[in-house]
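Trainee: Using the sequences plus the hints, can you model the full thing?
Protein chains in written order, with this note's numbering: chain A, 1 to 337; chain B, 1 to 358.
For the record, the hints were derived by calculation from the structure and aren't laboratory data.
Nothing here was measured: the structure is a model prediction, and the numbers come from that model.
Just to be clear, a hint being listed does not mean it is correct.
[Said to hold, decoys possible] Derived BS3-like pairs (lysine-lysine); straight-line CA-CA distance at most 30 Å: (1) B:K49 / A:K19; (2) A:K19 / B:K293; (3) B:K317 / A:K30; (4) A:K19 / A:K30.
The chain contents come next:
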Amino acid sequence: MTDLVATTPGLYPLPDAAKQRLSDLKGHQKGDLVSGDEGPEIAAAYEEARGELIADQRTAGLDRIVEGQARWDDMLAHPLTVHENVETGGIVRYYDNNNFYRDPQVRGDLTASGDVAAELDAATELLGDDESLQAVLPGPYSLADLATDEHYGDEAEFLDAVGDFLAGEVEAFPAHETLFLLEPSLVTNPPADDGTDDLASEVVDRVAGATDGDVVVQGYWGAFEEKTYAHLMDADVDAFGFDLVAGDREQDLYNVNEYGAKDEVSLGLVDGQNTLVESPETVRERVDWFQDQVPATDFERVYLTTNTETFYLPVSKHKEKLVALAEAAVAESEVTQ
Amino acid sequence: MSRNPENREQFRPENHPSDHFLLTTVVGSYPKPKWLNRAGELAEDEESKFDADDLHEAHDDACRLITEEHERAGLDTVVDGEMRREEMVEFFAHRIDGYEFHGPVKVWGHNYFDKPSVVDAVEYDEPWLVDEFEFTAAAAERPVKVPITGPYTLANWAFNEHYDTEEDLAYALADLVNEEVEKLVEAGARYVQIDEPALATTPDDHAIVGECLERIVAGIDEEVRIGLHVCYGDYSRIYPEINDYPIDEFDVELCNGDYEQIETFADGQFAPDLALGVVDAHTAEVEPVEDIKENILQGLKVVPPEKLTVSPDCGLKLLPRDIAYGKMENMVEAARQVEAELDAGDISVESVRAPADD
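Mentor: Here it is in structure tokens:
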């Protein structure tokens, strides 16, 4: 019987009170965003927000708890924008959204930072013995894609360095059940077949090798191109994540039926970018639909998630979507298969 | 196919000193007086005696004040500075049936907006802007321009829970904008600007914006000047397609990018009038008149003087008020000097369009 696990890719909206408090403390301009060495008042505000985001997941009944990434002002670019050898440039568009982040300009070696590990340490403190931590990071290809290299000078060398950097960050993480590597760029800006596609898979494998937890590589805003997917299958990870909301479902099914899949799969079933809240029944139907379409594949575990991060949503809708995911997972497990 | 750009002549002031006429205008928003922001906070405070009627009166006062400030700067067409509006999507979403609000969402850093959700068919209820137009027109000596957030932006910057596609939503909204423009025209409006900043973020949707504009201008008299304002985009992705838009004027910010993109439009085929941003809306220094004159000449690379309108890059509301005023005042002075120099033959359009070293 398939194990259904309700979780999310993280990067939550800040609680509304924290939005106000942090914008008062930090300000509204480029130079006011998180730098990695926040003072005690700001750190305390984030501590409180973290507690709230974790409590919301507990209330909803999710099977994995993420830290919530409240500090990630620059979304998936965060691990670089707080790095000591990275300068932040202008405000640039975040994929095809009306959202913006500071351009991380890498100007020196990507040495170990420990920034995300510290967040996860703090999250671990807040979890009960029976709760499972899920770490979240940008995948190496997406992080390199979001950044500007002013140091390594060669695209492949830079991607390689970002892979080493993220692997180093993961090694410093506290124990975690699952690691989600978010790789939208693998979908929206697929790696060229000049060896970059091979390297993109290799660096994912390297980051995955740094953890004992299960690793999920989540793509979104489309499906992986055939070649990208074929290369990714070489990486030793536990699941790929498919965007069944804004994606190309036909292409996902083609990839799986043609190239196979890992033993587990992650399905983006709930829209992280629309306030319309899916019912648990709808979510469950989407799980069943996907499994019906790939009859040759028997997944040991299906992760039920939103297709994207959820910071796009107002807080109330974000919370309702967490509940929909949790209830869908429970509803399904009551059915004997 | 652009509409009837000749309708600009109706905005030439009677005592205009030059034969040439560069229509001067603003995009719309303007810094609010601090007391108006305080009044807004007071009106929300339940403990305060300052109520909604008092706030309405404060808005009226601010509209008179800023309209007069625009006239004092010498603008040929004026706006009330959008004193009654807080945010360009929220303001309209509150007036259109079918929208709901669920709380603020992030744009970047700690900048948020109340992104609304469309949960039902959008419908026209009460007029959105007619009262405000009538008030401003009564207060103004000069013709009043009315900025309206465009249907594509109203659709794109909302969550769509109801329509099959965002395109369907945009067209439904365009029909409502058409209804509003009709009512504004009945009330006497002769200059309407459709603001579509979202087009810059998703330029591949230019055909949807084109269809929206067709719906907006349906049945609208050609004497009514229709402008389209877009800002901060890669214009090579929407030009020359905008030549087919049913508009009189295309208003664009280029000062901010130091006119790097002016060549995109300078193919000699530019169809509508060009309303060119000649002062930067995001630098807190007033540009000297001489610099602004140089910026105005950039516009002559694209259109002849009789098709050139000058305005700031974008709404000025984020600037300190004295800076915003200084920019408008210098902009008008620069336009009047360029007109006089064109009359005198000191500036020749040919020399601008085909530099000697070209």
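Trainee: All hints are to be evaluated individually against the structure, with a verdict given for each.
Mentor: Quick rundown of the hints versus the structure:
| no. | hint | in the structure |
| --- | --- | --- |
| 1 | B:K49 / A:K19 | holds, 29 Å |
| 2 | A:K19 / B:K293 | violated, 43 Å |
| 3 | B:K317 / A:K30 | holds, 19 Å |
| 4 | A:K19 / A:K30 | holds, 16 Å |
Figure legend: structure checked against the earlier numbered hints; the only hint not met is number 2.
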